Every structure is written in structure tokens, then in C-alpha cells.
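K.L.:
In case you want the letters, here they are:
2 protein chains.
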Amino acid sequence: MPASMADWRSQCPLNIALEIFGDRWTLLILRDLLFKRFSTYREFQGSGEGVATNILADRLKKLVEQGIITGARSTEDARIISYKPTAKGLDLLPVVVEMILWAARYEKTAAPPRLIRHMSRDRASFIAETRARFEPDAS
Amino acid sequence: MPASMADWRSQCPLNIALEIFGDRWTLLILRDLLFKRFSTYREFQGSGEGVATNILADRLKKLVEQGIITGARSTEDARIISYKPTAKGLDLLPVVVEMILWAARYEKTAAPPRLIRHMSRDRASFIAETRARFEPDAS
DNA sequence: TCATATTACTTGCATAATGCAAGTGAGTGT
DNA sequence: ACACTCACTTGCATTATGCAAGTAATATGA
Numbered sequence: 086m087p088a089s090m091a092d093w094r095s096q097c098p099l100n101i102a103l104e105i106f107g108d109r110w111t112l113l114i115l116r117d118l119l120f121k122r123f124s125t126y127r128e129f130q131g132s133g134e135g136v137a138t139n140i141l142a143d144r145l146k147k148l149v150e151q152g153i154i155t156g157a158r159s160t161e162d163a164r165i166i167s168y169k170p171t172a173k174g175l176d177l178l179p180v181v182v183e184m185i186l187w188a189a190r191y192e193k194t195a196a197p198p199r200l201i202r203h204m205s206r207d208r209a210s211f212i213a214e215t216r217a218r219f220e221p222d223a224s
Numbered sequence: 086m087p088a089s090m091a092d093w094r095s096q097c098p099l100n101i102a103l104e105i106f107g108d109r110w111t112l113l114i115l116r117d118l119l120f121k122r123f124s125t126y127r128e129f130q131g132s133g134e135g136v137a138t139n140i141l142a143d144r145l146k147k148l149v150e151q152g153i154i155t156g157a158r159s160t161e162d163a164r165i166i167s168y169k170p171t172a173k174g175l176d177l178l179p180v181v182v183e184m185i186l187w188a189a190r191y192e193k194t195a196a197p198p199r200l201i202r203h204m205s206r207d208r209a210s211f212i213a214e215t216r217a218r219f220e221p222d223a224s
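Top to bottom, those sequences are chains A and B.
Counting from 86, one number per residue, gives the positions in the first sequence under our numbering.
Counting from 86, one number per residue, gives the positions in the second sequence under our numbering.
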């Protein structure tokens, strides 16, 4: 069936996807945003993975430009910028979930087995649950 | 529920996955292997995306080391090495499919709409169909 | 059989991306 | 006013990628 797939070249959706989040940091930032519910630069920074400050700033900027997250200055403390996922960002959950499940299956990871089992048995509801926690303000 | 998710650090499955295929080329090579059914260095090379020869050699080597593909010298023409996906490699199909669907939905791509519709409506059978074409020799 | 091709790479070097330490400027708390 | 926090920049070292050319092993044709 995928005979027409042979001539995709650089407009191939996979290539486009890789241009947007095919690097070492972008999806880790998104993981912190979606699962750990981080929302500030400082939180992402102290996440434990050890992102360089300039890289973090660059990736946040690009994610905002791509419409995957939004960044809004807090009304309570004007120093703080609060980042949130957009609908486009939340729709990356299936990608992230499949990546996590693959790694948990084939590599030694620190993933809690119960969580993996839940994710694996019912991807749709796991994603729906995660998504639900952002519903009120998902752009 | 993901409260235990907060302390994943570098053993986080997402981070592990990114260390394995979180670069600009690895998944493109896998796409050619899985969808275009390419199997030789020369085919990957002429794929149109324009991989540098040293990068291609490096990625093929790493994919073999990771057990995602195998490389076997052809019995008919000993110059040719034929690469094939392993079960671990075939299990990356869900990841690739979700990435393709996300990009096709949010970005301008050259993806044939009929194919995307098929992929999207029934991911499982699309994956099964693709997988079936490798069944006889999927390590 | 012996020059010519072909396949799968290496190698060397230029350029771009990433990593690290230190610094900046707006905003806050006291 | 002063120290402090937050979200970044900046400059420079290191690493990864990109490009052109070269090489070894095998095959092909006269």
C-alpha cells in the first residue's frame, strides 16, 4: 500500500517532525511540562537532566514559536513566565507515550512498572487523564 | 497518578529513547528501511534527504549495536550488506506513526492524504500490515 | 586476466551545534 | 537602598555534523 511513500523527500512528515523536536532536549522539556507539571524556566532548569541555560532558553523560544507551548508573564510576580502546552503540544502525548513504552520494554530504565503497565494497557485513557489536567486552559 | 514520575532523571525511559534515536537521521533511515523497504547503504544514501556518508555509516553501525537492525553480507554479491529490522526495530513503528500523524496534522507536509487517513483511522492495522511484510525474517 | 566499476565505507578538515561559567537586567521583599 | 530571585545572554571550549576526496574488497566486461 505505501507505494506513494517512496517520493517524500524533505517534505516528509517524519522529517518535519524531526526538524521540530528531533533533538536531545525538546521532548524532555515537554515531559517536564506535561507529566511533572513544571511551568517555569527555573523548574525546567532544576529538572535533573542538566540542560544548559542557553539551550533551555533557545528551546523554550522555539517551542513558543512553533505554537507547541505558550509563555505568559505571571500577574502575581512579573519576573515569572509561566509556560503551558497548547492543543498542538498536548497532541504530542501519543508520541511521547510510545517512546516511553518502547524504551521501557527494551532498555533498562527507572520507569515505575505500575505506571508503564497502566500506560501500556490503556494508552488512550492514560493520555486522556494527562490531558484532562490541562483542559481548563489548553489554548 | 504520575507522582513517582518526578524523580526519573537520566534513567527516564524518554531520555533513554532520545539517546538511542533522538537525532536528525536515525529515524529517517528507519523510515526508509520500514516503509520504502530499502536495505543497502547505497539506497539509504540516495534516499533524497541527503545524509552525509560518514553519518550514515555511523548510524547504521549504532543501529546494529542497539539491536534495532541487522546487517548481513549478501551471498549473491559479497560487496552488498543487506540491512533488516529486528523485532525491536519493528516495535518502533508506533513511535514513527505517531510522529507522522502529528506532523501531517499540524504542519504542511507532502504526505498523501489517503495514506494519512488510513494510518490515522486504524493505526493498529496499518502497523500490522507494514510489519507483515517483514514477518518471515524478523529476527 | 586485467583494467574498470561498484559497494561500503574512512579520513581530513570546515562549519555548526552544544556545554559551561560567568554576567546582565528587570522585578521583588525588607 | 540593598540584597536577592528570575529569566535569560554572552563568550569561549568542546563536540557533532557536513562535505569532498580517498580506500579496500568484490564484481564485471573485453
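I should point out that these hints are in silico values taken from the structure, not numbers from a laboratory.
Worth double-checking, as some hints may not be accurate.
All copies of an identical chain are treated as equivalent in the list; a pair is satisfied when it fits inside any one copy or across any two copies.
Derived pair list, reagent style DSS-like, types lysine-lysine, alpha-carbon separation capped at 27 Å [said to hold, decoys possible]:
no., residue 1, residue 2
1, K121, K169
2, K169, K147
3, K121, K193
4, K193, K147
5, K146, K121
6, K193, K173
The structure presented is a predicted model; accordingly, all values stated were derived computationally and were not measured.
K.L.:
For each hint, tell me whether it holds in the structure or not.
P.N.:
Here is how each hint holds up against the structure:
1. In the homo-oligomer, the alpha carbons of K121 and K169 lie at most 27 Å apart inside one protomer (12 Å), although the nearest pairing across protomers, at 38 Å, exceeds that limit.
2. For a Cα distance limit of 27 Å, the shortest separation of K169 from K147 inside one copy, 14 Å, qualifies, whereas the shortest one across copies, 36 Å, does not.
3. Taking the shortest alpha-carbon separations for K121 and K193, only the intra-copy value of 21 Å comes in at or below 27 Å, while the best inter-copy value is 31 Å.
4. In this assembly of identical chains, the alpha carbons of K193 and K147 lie at most 27 Å apart only when taken from different copies (18 Å versus 31 Å within one copy).
5. Taking CA atoms no more than 27 Å apart as the test, K146 paired with K121 passes inside one copy only; the shortest distance there is 20 Å, against 35 Å between copies.
6. For a Cα distance limit of 27 Å, the shortest separation of K193 from K173 across copies, 14 Å, qualifies, whereas the shortest one inside one copy, 31 Å, does not.
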